[in-house]
Amino acid sequence: MRIALIQHDIAWNNPAETVSRCSRLAQQASTESAQIMIFPEMFSCGFSFLCGDDARAAEKISVDFLSSTAEQHNCFTVGSMPALTKDSDRPLNMIRVFGPQGLLGEYSKIHLISFLDESQYYQSGNSLLTLPIGNVCFTFFICFDLRFPDIFSAAAKRTDCFVVAANWPDTRQAHWEKLLEARAIENQAYVAAVNRVGQGGKLNFIGGSRVIDPSGKVIAAAGAEEEIVYATVRSSDVLDYRREFNFLQDRREDLYRQL
1 MRIALIQHDI
11 AWNNPAETVS
21 RCSRLAQQAS
31 TESAQIMIFP
41 EMFSCGFSFL
51 CGDDARAAEK
61 ISVDFLSSTA
71 EQHNCFTVGS
81 MPALTKDSDR
91 PLNMIRVFGP
101 QGLLGEYSKI
111 HLISFLDESQ
121 YYQSGNSLLT
131 LPIGNVCFTF
141 FICFDLRFPD
151 IFSAAAKRTD
161 CFVVAANWPD
171 TRQAHWEKLL
181 EARAIENQAY
191 VAAVNRVGQG
201 GKLNFIGGSR
211 VIDPSGKVIA
221 AAGAEEEIVY
231 ATVRSSDVLD
241 YRREFNFLQD
251 RREDLYRQL
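Residue numbers for the sequence shown follow this note's numbering, beginning at 1 and rising by one.
You may find that some hints are simply not true.
Each computed DSSO-like pair below joins lysine-lysine, with the alpha-carbon atoms no more than 27 Å apart [as the list claims (entries may be wrong)]: (1) 217 with 178; (2) 217 with 157; (3) 157 with 178; (4) 60 with 202; (5) 178 with 202; (6) 86 with 60.
In short, the hints are calculated from the structure, not lab data.
Given the sequences, and given the hints that come with them, work out the whole structure.
The following block contains the structure:
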């Protein structure tokens, strides 16, 4: 499965302008035979705590773009956006996955960052999403989820590739790189992580999107500018590596729950 991590700048609270930029990048990725295009967290508006009608407008633009791009380029698209429910003006921070025939699945960010009072603006999710796309099983997470290894371990045995969509600031660049490698190593799976670049909300964003193989080796990576990262992930590579050095079978889930 050939993936494209679309590392781009985001026009703060301007989904229409951002999606125009994303459309050009998607066209470029399509010419490079990308089968799945993955966009950052809150890819159309930035991590700007939109709520109410503003969130609803950003959600519609985001959904329309991902859906039409998947159909136009006969590929799969992944992106995080604000997603409102009927009972609250606080949206979920939700990844939606589209294929050429429409919506395939949704994942809402489970871990909200208290440091930024995220829970005042967003609702948290409570379930995981693992999807087979082609012959690769993907599990999806968003930004701050990366700091919680247990949730990755919970899905490891059914996952070939973890996808992480983020808005990760430059002040914690070392954490970004080390945590991504750790998640790959400890779960013997690919990690495909896409971050934004540019400035927003008084923060600078580092880019550094990358794909890491099941051994923890970085096989493709971006710098700090707008860029598309390409890599091919194979379920057979995950299976072969786990057969060669299988330690996941030695996890003591029965014991961990009692501690």
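Here is what the structure says about each hint:
1. 217 with 178: holds (11 Å)
2. 217 with 157: holds (20 Å)
3. 157 with 178: holds (22 Å)
4. 60 with 202: OK: residue 60 and residue 202 at ~26 Å, within 27 Å.
5. 178 with 202: Measuring from Cα to Cα gives roughly 24 Å; hence the hint holds.
6. 86 with 60: holds (15 Å)
When the structure is compared with the earlier hints, no violation turns up for any of them.
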